[in-house]
Amino acid sequence: MGSVLALPCGGLVVAKGRVSIVVERCKACGFCVEFCPTKVLALSSAFNAKGYHPPHVVAPEKCSGCDLCGMYCPDFAIYGQRLPAQKETAPAAPLPEVTRES
Amino acid sequence: MKADPRGVLSGTHFIDGDHACCEGALAAGARFAAGYPITPSTEVVERFASRIPVVGGTFIQMEDELAASITLQGAVWGGAKAFTVTSGPGFSLMMEHIGYAAMTETPCVFVDVQRGGPSTGLPTLPAQADMMQARWGSHGDYEIIALCPNSPQECFDLTVKAFNFSEEFRLPVMLMMDEVVGHMTEKVVIPDADQIEVFPRRHTHKSADEYLPYATNGDGVPEMAHAGEGYRFHVTGLTHDERGYPNMTPQTQDKLVRRLQSKIHDAADRITLLEEQQLEGADVIVVSYGITSRVAQRAIEMARERGLRVGKLRLITCWPFPEQRIRELAATAKAFVVPELNLGQMVREVERAAGGKAKTILVPHAGGSVHRPEDILKAIVEASR
Amino acid sequence: MSTLDVMNPVEPFLRTDRMPHIWCPGCGIGTTVNCFARALIESKIDLQSLALVSGIGCTGRVAGYVKLDSFHTTHGRAIPFATGLKLANPKLNVVIYSGDGDLSAIGGNHLIHAARRNIDLKVICVNNLIYAMTGGQTAPTTPGHAITSTSPYGACEPAFNLPHLVEAAGAVYVARWTTFHVKQLARSIGEAFQKKGFSFIEIISPCPTLYQRRNRLGDGLDTMKYYKEKSKVKHGAPTGEVGLTMTGEIIVGKFVDRDRPDYQSLVHAQMVESLGERYVEPSENVCSCG
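Protein chains in written order, with this note's numbering: chain A, 29 to 130; chain B, 27 to 411; chain C, 527 to 816.
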């Protein structure tokens, strides 16, 4: 499974996504940061009310909305969602196909 | 509500107490039993296993009494009326789940056909030594109702009553039989279904949004729902609030446990069934239950033939204990004579309730057979002096 | 309403009025709940006919956090309770969500009998190799040499190989994943829902506060990385070969997927054969309500 789709015309669409974080539920276990396939997240230096450093988005453009963060989070404190597909003009050169193991 | 005729074997039968108990359960609407074999109770579920497939329901023999005592509760929450049967050693194993039924307010019936104990004891011989265990066997503060039949006919009647009480008050009800009553064969008349009153499941009529599983209505008994109906409720053995959610604080504990107690205490008058005979002006009152009451009856007649003023108080309900009645009688009677097939269990309640106003004399028997009438008569004569 | 305002898919399954939950930072139980929720969504199961039963322990607390008909029962007895529920109302989809100690120690007898009978139940067993709720005591699944509060010098009992145990007892679907394998786990749970009979999914999960900490195995994240590194997917592996050690490899995958008549089919067939037309189906055990 990948975060890139092949279009019949030969171009590629990169899915875009967005992450939502419920800061107060987070216990900074670090799963989301570690297992985000495109390294969108990092633990912030901010504190939530319980004294944990919740994650924040450091590379929003890399988020594909795969929601692996949401599946990993034991505290139901984060989830990703796909944004409506953006059409892209045909790229200069085809991007390599990327497959991801989870 | 009237009994479902499919479960009612109307007619005059010549059967033993175990078999009559099974018929009582079917008449009361029980359509699920989980059991484990143990003498002298096994016949109840053996009969159920052969009757239920043609009535419509399920019997499953589980791998142990621990399983049986909780499987039946799962069936209750799935919508059935359910029960199990056992004797002393199995009763001991079931104690945790009797507590669970009390805490979660699961209506169900536990039949204990008492035999000699402790431990493996006398599997095929009678005793009445689980009486205190019926009341206090599980940990914590909780209430149960215990009924004691003294004949196969009562094994039928009181089983129906046990189911009705369990549904009305949402708690586990014990039917405390003994090996003699269970294995004695007598005439049992099973009425037509429309002559049998059955208490229906107190199911909520509220919508899923309004329903709170442990909110109480006037009488302290919450309304029930079943799994699969869309209520999405939670049941737990942890101390819980009206939503059924664990809420482990002293305040919630106090509120919950007191309600579990008061729902029975407040209705004790209706629950404590007694058989009274010639209590007016009696010098000596014989307090007995179960098979011992049959022997006591003979002893009482023998005493009366000698001119003694002897009354009979038979405990049909042993728990809650009819302490108010004993207190009243203690004011006028000289003594209570309490024969039981144990070394002193219900006698402690009699003594406690009598409050020293009347003597309390135990006629013990370690179990294995029933008393001789002469033993009880001797105690009555001495008490009359 | 904007298409961007999508809720966390797990949210409708949670009793949000009870959040936050009691599980520790880095504990994997919440992760398994995400996978469970995804499986429910994907399989389009009717939530009204779903009942969840759990025992006592950290994993047992799942029952209290999911917005389903849920039953938090006694220690080790979730399976017989669930059996009663299922037999009284065969239309229910009954899931047991409990821990390794609850299911294989005190509940061991019921585990093997339910598997033997092939009762149509789905068991999700979160195995953190310890009795977590009570403070970290040895469980039948604790690997040799592990330090626990009741084996302070190292566990020395042979540990249960749960997939092997339940396969031998008769389960028709047996899988093991770790909390790292979120996608596969959700898929397995979905497959179990399609299966008629006794299904068992073991999920190896961190207990950072007790098991990992006492054995100096790092925190939850370290453990997840260990799962990623040391897991080997071997679908159909002989269950006798999937035993676990403290730091060795973890064989995961779908080990057993077979067909056997489930308990209720067996009862039905037997009754019809013996009683013919006299047999009355127990499909509606529901009692009359007031």
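Keep in mind the hints are simulated off the structure, nothing from the lab. Treat each hint with caution, since some may be false.
Derived BS3-like pairs: lysine-lysine, alpha-carbon spacing no greater than 25 Å straight-line [said to hold, decoys possible]:
# : chain 1 : residue 1 : chain 2 : residue 2
1 : A       : Lys90     : C       : Lys709
2 : C       : Lys709    : C       : Lys593
3 : C       : Lys751    : C       : Lys570
4 : A       : Lys67     : C       : Lys760
5 : C       : Lys617    : B       : Lys232
6 : A       : Lys90     : C       : Lys751
7 : C       : Lys709    : A       : Lys67
8 : B       : Lys232    : C       : Lys593
For each hint, the structure was consulted:
For a cut-off of 25 Å, the pair hint linking A/Lys90 to C/Lys709 stands: about 21 Å separates their Cα positions. Restraint check for C/Lys709 and C/Lys593: the C-alpha separation of about 22 Å stays at or below 25 Å, so the hint holds. In summary, the hint linking C/Lys751 to C/Lys570 is not supported, as the alpha carbons are separated by about 32 Å, beyond the 25 Å threshold. For the suggested pair A/Lys67 and C/Lys760, the alpha carbons sit about 29 Å apart, so the restraint of at most 25 Å is broken.
Taking the CA atoms of C/Lys617 and B/Lys232, the gap is near 23 Å; set against the 25 Å cutoff, the hint holds. Of the supplied pair hints, the one linking A/Lys90 and C/Lys751 holds, its CA atoms being roughly 22 Å apart against a limit of 25 Å. Only pairs whose Cα atoms come within 25 Å are accepted, and C/Lys709 paired with A/Lys67 is accepted, the gap being roughly 19 Å. The suggested pairing of B/Lys232 with C/Lys593 holds, with an alpha-carbon distance near 18 Å, which does not exceed 25 Å.
Against the hints set out earlier in the document, violations occur for numbers 3 and 4.
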